[in-house]
Amino acid sequence: MKKLESQFVYLDHAATTSVDKRVKKTMDPFYTTNFGNPSSLYASGLFSKRAIDKSRKIVADFFHTNSYNIYFTGGGTESINMAIFGVVKKHAKSGKHLITSKIEHEAVLSSMKRLEKEDFEVTYLDVDVDGFVSLNDLKKAIRPDTVLISVMYANNEIGTVEPIAEIGRLILKHRKDNNTIYPIFHTDACQATNYLDMDVEKLHVDLMSTNGSKIYAAKGVGVLFKRKEIKIEPLFYGGGQESGLRSGTEDVPAIVGLGKALEIITEEREAEIKRLVGLRQYFWDKLQEKIAKIRLNGPCLDDLKTRLPNNLNVTFLDIEGEALLLYLDAVNIMCSTGSACTSLSLDPSHVLTACGLPYEYSHGSLRFTLGKENNKKQIDYVMEHLPRIVEKLRKISPVNLAYDPNKNNHPKIHQR
Amino acid sequence: MNTANTNQAKIRDNQGNAWVYSNIVKDHFFNPRNILFSGEEDEYEADATGRVGSPACGDEMVLWLKIDPKTEKIKDCKWQTFGCGSAIASTSMLSVMLTENDGLTIDEALKIKPQDIMGRLGGLPNRKIHCSVLGDKALQSAINDWFRKTGQHKCVSTAGSKVIDKELNITDHDIEEAVLEGAKTLEEVQNKLKVGASSPDSIPEIEQLIRFYSEKYYGESYF
Chain A
163 MKKLESQFVY LDHAATTSVD KRVKKTMDPF YTTNFGNPSS LYASGLFSKR AIDKSRKIVA
223 DFFHTNSYNI YFTGGGTESI NMAIFGVVKK HAKSGKHLIT SKIEHEAVLS SMKRLEKEDF
283 EVTYLDVDVD GFVSLNDLKK AIRPDTVLIS VMYANNEIGT VEPIAEIGRL ILKHRKDNNT
343 IYPIFHTDAC QATNYLDMDV EKLHVDLMST NGSKIYAAKG VGVLFKRKEI KIEPLFYGGG
403 QESGLRSGTE DVPAIVGLGK ALEIITEERE AEIKRLVGLR QYFWDKLQEK IAKIRLNGPC
463 LDDLKTRLPN NLNVTFLDIE GEALLLYLDA VNIMCSTGSA CTSLSLDPSH VLTACGLPYE
523 YSHGSLRFTL GKENNKKQID YVMEHLPRIV EKLRKISPVN LAYDPNKNNH PKIHQR
Chain B
27 MNTANTNQAK IRDNQGNAWV YSNIVKDHFF NPRNILFSGE EDEYEADATG RVGSPACGDE
87 MVLWLKIDPK TEKIKDCKWQ TFGCGSAIAS TSMLSVMLTE NDGLTIDEAL KIKPQDIMGR
147 LGGLPNRKIH CSVLGDKALQ SAINDWFRKT GQHKCVSTAG SKVIDKELNI TDHDIEEAVL
207 EGAKTLEEVQ NKLKVGASSP DSIPEIEQLI RFYSEKYYGE SYF
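Chains A and B are the protein sequences, given in the same order. Here my numbering is used: the first residue of the first sequence is 163, the next is one more, and so on. Here my numbering is used: the first residue of the second sequence is 27, the next is one more, and so on.
Same shape as in the complex, but just chain A (with noise of 0.2 Å):
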């Protein structure tokens, strides 16, 4: 077996990733020696508090915007749900209805679910069979009472990359034409940053999703960018901090991390996309050659402009993707599944659901997404492994799956 340089052949980079060793040493003084109040008065505590507000200028460059509209917060989760209730809490009164789309990440989806138990209605756009969003949908779907529209920009599980700058084109449109200032637009941009241009002005967003523990940053940090026309409620209350937006003491050494993975994102994107790119070509082409009765899903690998350039997720027919990926793990690779199995509702992925792929399809589904540390000999590895894996569960399957959908003559749903 040939040798690895790492103990581990990690292609879950869209579940999170390591922080950047860059990242880590500009972090730590933060922890031992410049741990001062950014609140407090004293040299320390002015050291943390421009600590912060370079961090903060190097995020509003690096979403083309001010430093007035960049909000740090305790994660994407929380800056998804300070953009949501922030807005609905603020805006009520000018209607209740609010859209997104089917394939959203759970940040959103359980925080629309709450408000559908508060009264306000919400339209879930379908998506097609590769997970785009469609921009005729969308404007059909807007009413005088929208007063929210939150549309991922990258999709985690198949990697679309939704056309956001349209939509919000769109809804620009739609505001000048009906003289409103709704609907207000947020996306999600958690599985964008690494790779997509994130020029809000671009992308005509109002408010805008991301976090550090996608991008070699810390975990528990996360920014919220908000146009200052934008008015929207606190989630919590506190000491004032953020402008009051989010109050509670920063995580110095956590932003300054942030602000240092976006330089480095910056200096190292263009080569970095066109490496992984090759390594997911050079992936995908073995697997092709190696094993049968495999299915790409999500758009095709070739447009970098609709797909995520780590991303690939596949389907092998015949077999279920947590024995799979147990069996992965035990040669220490990692990945991820839109098995039921490893979901408490016991359903499959929404997303593969979503872009229609039945639940069988969805069962036997890997997601492998490739990140700075991964190499040519890694992947020879992985293919060293799988191979054989997806041969002997094939063989212990009772299961026989036709490749095209259609011709599978058994039963979509089961009920026990």
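Check each hint, because a few of them may be wrong.
[Said to hold, decoys possible] The calculated lysine to aspartate or glutamate pairs, modelled on DMTMM-like cross-linking and capped at a C-alpha distance of 20 Å, are: (1) A:Lys275 - A:Asp509; (2) A:Lys301 - A:Glu328; (3) B:Lys92 - B:Glu134; (4) A:Lys557 - B:Asp53; (5) A:Lys258 - A:Asp307; (6) A:Lys258 - A:Asp281; (7) A:Lys557 - B:Asp68; (8) A:Lys569 - B:Glu207; (9) A:Lys569 - B:Glu241; (10) A:Lys219 - A:Glu363; (11) A:Lys557 - B:Glu69; (12) A:Lys436 - A:Glu535; (13) A:Lys264 - A:Asp292; (14) A:Lys557 - B:Glu71; (15) A:Lys554 - B:Glu66; (16) B:Lys99 - B:Glu134; (17) A:Lys186 - A:Asp215; (18) B:Lys99 - B:Asp128; (19) A:Lys251 - A:Glu395; (20) A:Lys275 - A:Asp288; (21) B:Lys218 - B:Glu193; (22) A:Lys557 - B:Glu66; (23) A:Lys554 - B:Asp53; (24) B:Lys137 - B:Glu126; (25) B:Lys175 - B:Glu214; (26) A:Lys554 - B:Glu67; (27) A:Lys335 - A:Glu391; (28) A:Lys557 - B:Glu67; (29) A:Lys381 - A:Asp190.
Keep in mind that the hints were calculated from the coordinates and are not lab data. These numbers were taken from a predicted model, which means no experiment stands behind them.
Got chain A; can you put chain B on it based on the hints?
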């Protein structure tokens, strides 16, 4: 590659609770016993077969039994499973329990409860209990198949289901399973259930159930 971690398969549930399969579950998952490899089904010449679940719901199991007609002891048991780690381990353990110490009689086998399989596995995480239930159902289904093949229609287990044909002990659940296996007409259902003509009184109800389940499972197109 370091092999020390081979038996440390771990995943977490959505609430962030870590859970780990027991060593016995892992052993049966990574080294399943008594498998009938796909492609070898016909050669095996089983006396009884039980199939439950569906790939759409995330697990499907097939259990094949060889049974001594005189003693009604299970001489051999083979299986195939499409499913997660605990589904595979549960079926493997069930096959061991059925055949160890010269094999259980059918009566003994019918007394196996999902809890017994779980106990032998050293427990399953709460969310995975349904996997052991499925093994139990596969066994019941295989033994029902044996009863039908040997004309013991009265013995066919009907627990929890409504008996449609009293003569042949056919339940709504049997019809559901037959439809799930592809039967679309009364004749096909009768073929699946290995029974001759049903009593005329029950035919309209059987036909109605066939329509009901066909619509339920095949009525909607996904694409």
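What are the numbers of the hints the structure violates, in ascending order?
Hints that this structure does not satisfy do not exist here, as all of them hold.
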